Amino acid sequence: MKTRIAGLPREVNQIGRTPWPLTVLAYGLPTVFILIPLVSFLTYSFFWVKGTELHDSFQDLTFLNYVRIFTDQIYLPVLWRTTLLCLEVAVLTVFFGYPVAYFLASLQGRKKYVFLMLLLVPLLMSYVIKIYAIRSILGGNGFLNRFLMATGIIQEPLTLFVFNLNAVLLALTALLIPFAVLPIFLSLEKLPRNLLEASADLGASELQTFLRVVLPMSLPGVIAAASFVFVLAIGDFLTPQMVGGNSGFTFGRIVYSQFGTAYNWPFGSALSVLLCAVVIVAVVVGSRFGNKRGLA
Amino acid sequence: MKRLSLGRIGLGTLTGLVFVILYGPIFVPIISSFFTVKYGQVDWGNANLDAYALLINNDGILTALENTLLVGVSAVVLALILGCFLAMFYRFSQSPGRGFVQFIIFLPFLMPPIITGLALLIFFDDINFDRSLVTVIIGHTVFVLALVYRTILVRLQALGMNMIEASYDLGASGWQTFRLIILPNLKSALTGAAILAFALSFDETMITILVTGTDNTLPIRLWAMMRLGFTPDINALVAIILAFTTVLVLVAARQLIPKEFTAREA
Amino acid sequence: MTSRRLLLELKSVAKSFGATRVLDNVDLAVEDGEFITILGPSGSGKTTVLRMIGGFISPSAGEILLDGKDISELPINRRPFNTVFQDYALFPHMTVAGNVGYGLQIRGRPKAEIRKRVADALNLVHLAQFAERYPAQLSGGQRQRVALARAIICQPRLILLDEPLAALDVELRKQMQLFLKSIQREIKTTFLFVTHDQEEAIAMADRICVMNDGRIQQIGSPLDVYYRPQTEFVARFFGDNNLISGQLSATTGDARVINTGFGGLVCAIDGQPDVAAAAAGGNAYAVIRPESIQLGISSLDLDECENKVEATITAVEFSGATTLVRTMPQGSETELRVKLPSRADGTALPVGARVALGWRRIDSRLVPV
Numbered sequence: 001m002k003t004r005i006a007g008l009p010r011e012v013n014q015i016g017r018t019p020w021p022l023t024v025l026a027y028g029l030p031t032v033f034i035l036i037p038l039v040s041f042l043t044y045s046f047f048w049v050k051g052t053e054l055h056d057s058f059q060d061l062t063f064l065n066y067v068r069i070f071t072d073q074i075y076l077p078v079l080w081r082t083t084l085l086c087l088e089v090a091v092l093t094v095f096f097g098y099p100v101a102y103f104l105a106s107l108q109g110r111k112k113y114v115f116l117m118l119l120l121v122p123l124l125m126s127y128v129i130k131i132y133a134i135r136s137i138l139g140g141n142g143f144l145n146r147f148l149m150a151t152g153i154i155q156e157p158l159t160l161f162v163f164n165l166n167a168v169l170l171a172l173t174a175l176l177i178p179f180a181v182l183p184i185f186l187s188l189e190k191l192p193r194n195l196l197e198a199s200a201d202l203g204a205s206e207l208q209t210f211l212r213v214v215l216p217m218s219l220p221g222v223i224a225a226a227s228f229v230f231v232l233a234i235g236d237f238l239t240p241q242m243v244g245g246n247s248g249f250t251f252g253r254i255v256y257s258q259f260g261t262a263y264n265w266p267f268g269s270a271l272s273v274l275l276c277a278v279v280i281v282a283v284v285v286g287s288r289f290g291n292k293r294g295l296a
Numbered sequence: 001m002k003r004l005s006l007g008r009i010g011l012g013t014l015t016g017l018v019f020v021i022l023y024g025p026i027f028v029p030i031i032s033s034f035f036t037v038k039y040g041q042v043d044w045g046n047a048n049l050d051a052y053a054l055l056i057n058n059d060g061i062l063t064a065l066e067n068t069l070l071v072g073v074s075a076v077v078l079a080l081i082l083g084c085f086l087a088m089f090y091r092f093s094q095s096p097g098r099g100f101v102q103f104i105i106f107l108p109f110l111m112p113p114i115i116t117g118l119a120l121l122i123f124f125d126d127i128n129f130d131r132s133l134v135t136v137i138i139g140h141t142v143f144v145l146a147l148v149y150r151t152i153l154v155r156l157q158a159l160g161m162n163m164i165e166a167s168y169d170l171g172a173s174g175w176q177t178f179r180l181i182i183l184p185n186l187k188s189a190l191t192g193a194a195i196l197a198f199a200l201s202f203d204e205t206m207i208t209i210l211v212t213g214t215d216n217t218l219p220i221r222l223w224a225m226m227r228l229g230f231t232p233d234i235n236a237l238v239a240i241i242l243a244f245t246t247v248l249v250l251v252a253a254r255q256l257i258p259k260e261f262t263a264r265e266a
Numbered sequence: 001m002t003s004r005r006l007l008l009e010l011k012s013v014a015k016s017f018g019a020t021r022v023l024d025n026v027d028l029a030v031e032d033g034e035f036i037t038i039l040g041p042s043g044s045g046k047t048t049v050l051r052m053i054g055g056f057i058s059p060s061a062g063e064i065l066l067d068g069k070d071i072s073e074l075p076i077n078r079r080p081f082n083t084v085f086q087d088y089a090l091f092p093h094m095t096v097a098g099n100v101g102y103g104l105q106i107r108g109r110p111k112a113e114i115r116k117r118v119a120d121a122l123n124l125v126h127l128a129q130f131a132e133r134y135p136a137q138l139s140g141g142q143r144q145r146v147a148l149a150r151a152i153i154c155q156p157r158l159i160l161l162d163e164p165l166a167a168l169d170v171e172l173r174k175q176m177q178l179f180l181k182s183i184q185r186e187i188k189t190t191f192l193f194v195t196h197d198q199e200e201a202i203a204m205a206d207r208i209c210v211m212n213d214g215r216i217q218q219i220g221s222p223l224d225v226y227y228r229p230q231t232e233f234v235a236r237f238f239g240d241n242n243l244i245s246g247q248l249s250a251t252t253g254d255a256r257v258i259n260t261g262f263g264g265l266v267c268a269i270d271g272q273p274d275v276a277a278a279a280a281g282g283n284a285y286a287v288i289r290p291e292s293i294q295l296g297i298s299s300l301d302l303d304e305c306e307n308k309v310e311a312t313i314t315a316v317e318f319s320g321a322t323t324l325v326r327t328m329p330q331g332s333e334t335e336l337r338v339k340l341p342s343r344a345d346g347t348a349l350p351v352g353a354r355v356a357l358g359w360r361r362i363d364s365r366l367v368p369v
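Residue numbers (the numbering used here), protein chains in the order written: chain B, 1 to 296; chain E, 1 to 266; chain Z, 1 to 369.
Take these hints with a grain of salt, some might be off.
[Claimed, not checked] Simulated coverage check for chain E against chain Z, where a stretch passes if three residues somewhere in it have a Cβ under 8 Å from a Cβ of chain Z:
#, segment
1, 14-28
2, 165-174
[Unchecked claim] Calculated from the model, a selection of chain E residues having no Cβ within reach of chain Z, i.e. all distances over 12 Å:
#, residue
3, L159
4, G160
5, M161
6, D215
Everything labelled a hint here was simulated from the structure, so no lab data went into it. Remember, predicted model here, so these are calculated numbers, not experimental data. Note that the Cβ used here is the ideal one computed from N, Cα and C, for glycine as well.
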C-alpha cells in the first residue's frame, strides 16, 4: 500500500483544470433540459385557464389552482385513496418480493444471476401488452375466472376484479414485483456471510438466524423497495386507465386528463406538484426509516 | 446453505408462483401467436404462423417499430456521450457545484415518469418546439441518462488516479489520456449501460405518450390499438420482442456481471 | 568523486495542505547522473518532494529550478521526467510492449522506431520474451521491471522512483536493488529514489537525503550520514548508535571536547561549523558507533584511542555475524554498547567483568540536542 500521509487530501491540481467551455457545457446541458423544464413546470401551476384562454404572462400568477385543489371535494379524497392504494401495492410487492429475493440470494454461483436476469426480462416487455394481458386474464372470460371455476372455488365468473380499483391493485402488484425484488436482493447480497456463520455457530437455527439477523439487517433494502414501488405506482396513469374503468380513478389519471380531455395545463401542473410533494415525503420518510439500522 | 429443507421448498414454490405471475401475461399473447384462440379456448391442434405472416404485411406496426428502434438508438448514443462527459466532469474537475449537477441528472429517474414527461411537454410548448420524434428522443435521453451516467461513474472511480498520472507522466495530453487509457477501460461499462438503456427506452410508454408528435412509436401504436382490441399479428410481435429482449438482457448481463462468476465456469 | 553538473534545484520549497505544514524550507540540489535517495519515515515529506518534482503537486512556496529556470508551474506532461510508481500503474488493457512504447506513441514516433526501442528497453530489463503478455499475467518483480523500462525509454533527464520495491519480498528486493543500481550506472540517467528503508538507501545511493517532519535533516554520502551524522535524528535513524549527553567544552582545531558522565571525550567536528561555533557549556550528544569501540582488558591495550573508559559488562547478546556487548561505564548511568564480530569459539567475556573501552577521535561525533 502506498504510504500516504494520513488524513491529507491527494492533490491533483496539475491535472484537473477543466477548460471553461467544458464546465459551461457540464452545468448548462442538465440545467437546460432537466432543471428548466421542471422549474417552468412549477411556474405553470401558478397560471390559470378561463374557458379556452390560457393566461400565462407574469401578471397572471395566482394560487387559484391550489385553492381549487383544496376546496373542491374531489381531488384530495382521490389523492388520499390513491396514496393508500399505492401503499397497499408497496406492501404486497414487498410481501411477495422478499421470499423471492431471499431464495435468489441463497442460490449458488451462476444460477443466481441467471434467475435474476429472468426476473428482469418481463420488466422490459411492452408495458401496454402486459396490462392488456392482465386485463384479459382478470376479465369475465379470463384465465383467472376459468381457473377458479374449474377448481370449484366459485360458480359464477367474478366481476370483482374487473374495471375497478381492485383490478388496478392487482395489476400494479403483478407489474411491480420485480422492482421490489431488486433492492431487497441487493441488500441481502451485501450481508457479510460471516455474520450468518457466527449466528449458526452460536446455536441459532436457520429460522432464528433469519428473524434475528437477516431480517433486521435487510430492513434498509425493504424500505428502499417499498419506496421505489410506491413512487412508480403513484405516478402510473396507464394502468388505471386500462383496467380501472370508471370506478378505478387514481390521481395519476386525473393529472393526465388535464393534459388530455380536460385541457387545463396549469391545473394539471398544480396537481402534479402535489403529487411530487407526496413522493418526496414518501422517499424522505423511507430513507429516514431505512438509515436508522442495519447496513447503509 | 443448500439444504433441501421444508423452508427451501416453500421458498422455491413461492418464487415459482411469482414467476408465473410475471410471465403469465406475456405467455398469453405468445401462445396466441402460434395457435388460434376463440373465446378463451385455445385450439391446440392448429399450430400455425399466420400471425407472423400478418405481421410482416402490417406496415403501420412495422413503421412504428422502426421509429422505436430509431428513438432507442439515438437516445442511447446521446446518453452515452453525455453520460461519459458528465461522469468525467464529476470525477475529475474540482468544480464545487458538481454535486448539484449530479442531483439534477438523477431527478428524472427518481421521479415518477409522468412528472418528467409533463415537465418536458410544458417546456417544449414554452419554447414553441413542435412535438415530434425529436422530442421523444430528448425525453428518452433525459430518462436513461441517470443510469448511463451512474454506470460509467462507478467504473471511473474504480480506475483510480494512478494510471492517469502515469499517462500524464509519460507525456500524454488530457485528450490522449482519455482516448488511449480511460476509454478502453470503460468498454464493458459502456456496453452494459448502452444495452440496458436501450431496453428501457424500447419499452418506455408514459413519457413517450406525453411528448410524442404525429409519428408513432410502438408503445403509442399499441396504446391506440388498446381501445379497438388487438389484431393477431400483435401476438407475433410480442413473441419476437420477448425473444429479442431476453437476448439483450443476457448479453448485457455478460458485460456487467463480475468476472469471477463467468471465469469459474470456464 | 567526480564533480557533477547541477541538474535540478529545489530552493526554499514549502508545502502546506490547509493548516498542515508538510514541507518546510527544503533546499535540495540534484546532480546530473547521480543516484540520490530521499530517505525518511512515514510522514517525513519524502513522497511529497518526489511528487512535487514530478509535477503532481505544486509548491506553496519556493522554486524548482531546472537548468536555472523555474518549472513549478510546468504541467506534468511537459516535464522531462518520468516516474516509476509504487504500484507500477501499468495500463491493464495494453501488452507489455504497448505499455513500454506508450511514451513514444504519444510523441508520434514512427512504428518501426517504437518497435526497435521497445525491444532494446525490454532487453535492458531482461523481459524481451514477455513483450506480448499483459500485466495481469506477470509477477510483481516483472511488473516492476516493465514500469522501469517504460520510464527509461523516453530518455528523461531524471527518473523518479516512488518506493518501487516496497511491495516485493525480501529476497527479490535485494536482487532488484542491485539490478536498479547497475541499470543506473549503465544508462547514466539521474535516479531519484524514495524509500523508508535505511539499509536500502545505504546499499544503493550515491547520496542520501534524510528527511523528517517535512524538513531535510542531512544530505551526504552513505558513509557521511552513517558515521558523521549532523542531527540527533540522523544519528538515531541508522542502525544502532550510542548517544551520550554532555556539555560542550573547549575547541581544538578540528575537534571539540564534551564533558560527559564518564569524563571529557574528544570528538571530531570537521564539516560542522555550527558545532564549532556553539557556546561552551551548551548541551550536546557525543555519538559513537558500537562497532567503532574497541574492547580490551586494560587501557594499556588501547594505544591509539584518545578516548578511554573503564566499564563493566552487563550483558552479551549473540545475533549472528555480530555480538552486542552491553557495558556500564564507571561512574555513569548511561549504557555504552559495543558491537564485536562474533567468533565460533564464543567471546570470552563474562558478565560482570571489568574491561577497558576506547575509540579514536574520528570515531566520535557531536550533534546538537
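Hint numbers the structure violates, sorted upward? Checked against the structure, the hints that fail are numbers 1, 3, 4 and 5, while the rest are satisfied.
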